[in-house]
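Enquirer: Line by line, the protein sequences are chains A and B.
Quick note on numbering: the first sequence equals residues 15 to 229 in the numbering used here.
Quick note on numbering: the second sequence equals residues -4 to 663 in the numbering used here.
Simulated from the structure, these hints should not be mistaken for laboratory data.
Glycine residues also receive a C-beta, built at the ideal position from the N, C-alpha and C atoms.
Any given hint could be a false lead.
[Said to hold, decoys possible] Have a look at the derived ranges for each label pair, beta carbon to beta carbon:
{"no.": "1", "chain 1": "A", "residue 1": "Lys194", "chain 2": "B", "residue 2": "Leu532", "range": "30 to 38 Å"}
{"no.": "2", "chain 1": "A", "residue 1": "Thr195", "chain 2": "B", "residue 2": "Val518", "range": "32 to 40 Å"}
{"no.": "3", "chain 1": "B", "residue 1": "Val518", "chain 2": "A", "residue 2": "Leu106", "range": "51 to 59 Å"}
{"no.": "4", "chain 1": "A", "residue 1": "Asp58", "chain 2": "B", "residue 2": "Pro572", "range": "57 to 65 Å"}
{"no.": "5", "chain 1": "A", "residue 1": "Lys194", "chain 2": "B", "residue 2": "Arg514", "range": "54 to 62 Å"}
{"no.": "6", "chain 1": "A", "residue 1": "Arg159", "chain 2": "B", "residue 2": "Val565", "range": "48 to 56 Å"}
{"no.": "7", "chain 1": "A", "residue 1": "Leu106", "chain 2": "B", "residue 2": "Gly652", "range": "54 to 62 Å"}
{"no.": "8", "chain 1": "A", "residue 1": "Arg159", "chain 2": "B", "residue 2": "Asp635", "range": "48 to 56 Å"}
{"no.": "9", "chain 1": "A", "residue 1": "Lys194", "chain 2": "B", "residue 2": "Ala473", "range": "32 to 40 Å"}
{"no.": "10", "chain 1": "B", "residue 1": "Arg562", "chain 2": "A", "residue 2": "Leu106", "range": "15 to 23 Å"}
{"no.": "11", "chain 1": "B", "residue 1": "Arg623", "chain 2": "A", "residue 2": "Glu158", "range": "38 to 46 Å"}
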Amino acid sequence: MRLILADDGVLFREGMARIVTEVGFEVTGQARNGTELVELVRRDPPDVVITDLRMPPNFADEGIEAAAEIRSFAPNVGLMLLSQYVEVHHALRLMDEFDGAVGYLLKDRVSDLSAFAADVRRVAAGHVVIDQELVSRLVSRRRERDPLAELTDRERQVLALMAQGLTNAALSEELFVSVKTVEGYIRNVFTKLGLQPGEREHRRVLAVLQFLRQQ
Amino acid sequence: MLATTEATDAQVPSLGLEACLAMVALLVAVLVGYGWLLGFHVDNAHNGLIAASFSAVGLYVVRMRPRHREGWLFIAVGVVHAVMFFGRQYGRAEGVLPAASWIGWLGVWPLPLAIALAGWTFMAFPHGRLLSPAWRRAGLGMLAIAAAMATMSALWPVDYDRIGLVSPNPLELPGAELAARYWRYLLPSYALFQVLWTAAVVVRLRRARGDEARQMRWLVYATVMALVLLVTGLVVFRSPVLGALAVPLIPVAAGIAILKYRLYDIDPVVNKTLVVGSLVLLITVGYIAMVVGVGALIPVGTGWLSLLTTAIVAVAFEPLRRRAQCVADRFVYGHRPTPYEALSRLSSQLDEAPEELFDGIAATVANAVGATEVVVWVGEEARLLPQAGWPRLPDSRKLSRLDELDSRPPSHVRPVVHQGALRGAITLRKPIGEALTSAEGRLLDDLVAQTGLVIAQQQQAKELQAAARRIVTAQDAARRRIERDLHDGAQERLVTMGIELGSLEEHAKATGGHELAARVRDVRAQLLEATAELRELARGLHPMVLSEAGLETALRMLADRSAIPVRVSVGLAGRLPREVDATAYYVVSEALTNAARHSGAEVVTVEVAKIEQELQVRVSDDGRGGARPDGGTGLQGLADRLAAVGATLTIDSPVGGGTRIGTVLPCA
């Protein structure tokens, strides 16, 4: 699988390039900022782009801007955004603006090589990946009238995994139950929370994140 | 210059209006003129004078300012009185004239309406508008009663006996006796009307400031003079003629008040009238007492007595005059403060908002020396700018040099010097013909010295605030820089180390070193904890989301992370200045932290809205309250930060009643 990496920190970029190569990915290019990244992708589109969210010149959301541009001319390139912080508004924006094949992780996650490699592959396969810290923060926060109180522990677990972007198949693997059982859990969760089941995976993630964010 | 201001206010009357006014003038002239020719009746003369004077003044006012309501009211009063005057003259004429009963009738029944209309006119002086809706209701009540009375008076001859018309009421309806009985109960309404409009005038006089106060003084002065003349006439000549002749004084004074109040100041006139009047009264009374009283007790020649009295009067005159002047000053200019009062009032104003401080100085100086106009200038010798004025700031706010300021009497200039440097100036204008007494001069010097302190203190306060603002800005910049350095430096290194450890772990696993792999995993886990801590620390220093996505997103992020449920309501259009963004964010952040730590609240509400040029920030919870800035809660730091940007932190936190923390940030 071919990757292009973008990060303004040379240490991190080089380190990541080395380890993803060890896991069996091929790094076809490295960029220091969004503009360079877009250029590289335009010349030779990879399977997945792994980019820092915050890069020069403004250290704001250049990564998302570059990703959006890439998606416009190379819709088959998977987009994995890394950041020192994971913020709900970014996750919502990624789910809303990108039609799947997008990931949003803390940079720390890269250090767990096998898990990170799996996440990159999921993005490449068109799935959605949302950092677990962000989701657990949302799931565990107190609410005025907590609708999550209605859920069983298992259902809550399903909800959290769903918010991270896991597909039904991935859920069944994670929980060691059949896909049918997973579908049952999901139906329960959606009914109890009054959510409309989205047809597409990233729509489902968006709905769940938005729901979790509400009071 | 003042005269031209008056002229520019005036509007040119249209041709139609001119014609209409001419018709009214002609009507009143014919009614009053023809009425006079029909004979002289003392008890009707005042109606004629009112008709002529009110119409004339009203017409003049309306010609100068066609939209002036009070002018139209004057015309209405004049016309009603003209009709009434003519009706009475005609109805009383020798040798009954044709249609005398009907025309005479017109001289009787409009009376209640005329009185009520005149009352309304006084109540609405000087702009033609009543003081408030409540006064308007009272005025309408008065008009309603008057209308009822006029109707009654028109239908039955209830008011005929008093007026002495030749012909009776032309309607000759039955029930005249019954009507007369009820009429008696309605008559006290007239007294009620008088009380009402007098009260309205007194209330307005007390509330009025500046121009309106001057206008009111014209009216009151004329009314009092007319009353004095009436009483004098009744007492001395036993005739109301003097009083009737004095009636036109009122509309004329009112007309001056409406059109020329800035040109002629009434205060010196009132002042001199009071001094002369009281002296005349005192001397007359004293003279009579001496001649009559002493003459009856001691048998001396009248010549000696006159001589003695004259001598006493001559000796007592100057002290009496001074005393009378003092009383008159107090009456006209209000209570003039003693030097001590003036100074202490000034120092008590030092606590006030800076913008109002110089207004306070101007008012205090005006009050202390009885000036008609005071301007406080601040700046260097060649660059003085009017900062405040009494009764108002001068229209032209241009820079002036000290030697350009008008110092010809009755104007005076006092430079404000503090620690050897010129800081500003105070200019004032006394009423024409009044000098600055030496006592006033000394008081003025003291006030000027105090003003020097105030200006110096203001400049220091400004410099302090500017310094505090610079510190806050620098602190924000430093926080942003440190966050950035952490992000690009330590955080990146740690994350990179994590990757290396991850790679090491994989190698160990691959080469069968399972114990090593486990230990590396442990180290990596600890490293990740350290990076997580560092991450939170960096976020606390400066939330990147604030510069990146603005206040609303940053506040929602705070809400996402809060340990207590938070309701966020944000009303913002567009981005705010960076400093305002950061300040509002820290206020909310600190308030949420406090709420989570101390309040035990169920829910916190964050409301942020930009209203005009201000950002209103409010964080309220339903917790146990009792938050104080000195409780080590970080609220003091917040208050300091807010003070630096010219805002204040309000904390409303009664024990058991929740906490409301808020501020209003200027964001022009």
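Enquirer: Of all the hints given earlier, name the ones this structure violates by number, lowest first.
Expert: 1, 3, 4, 5, 6, 7, 8, 9, 11
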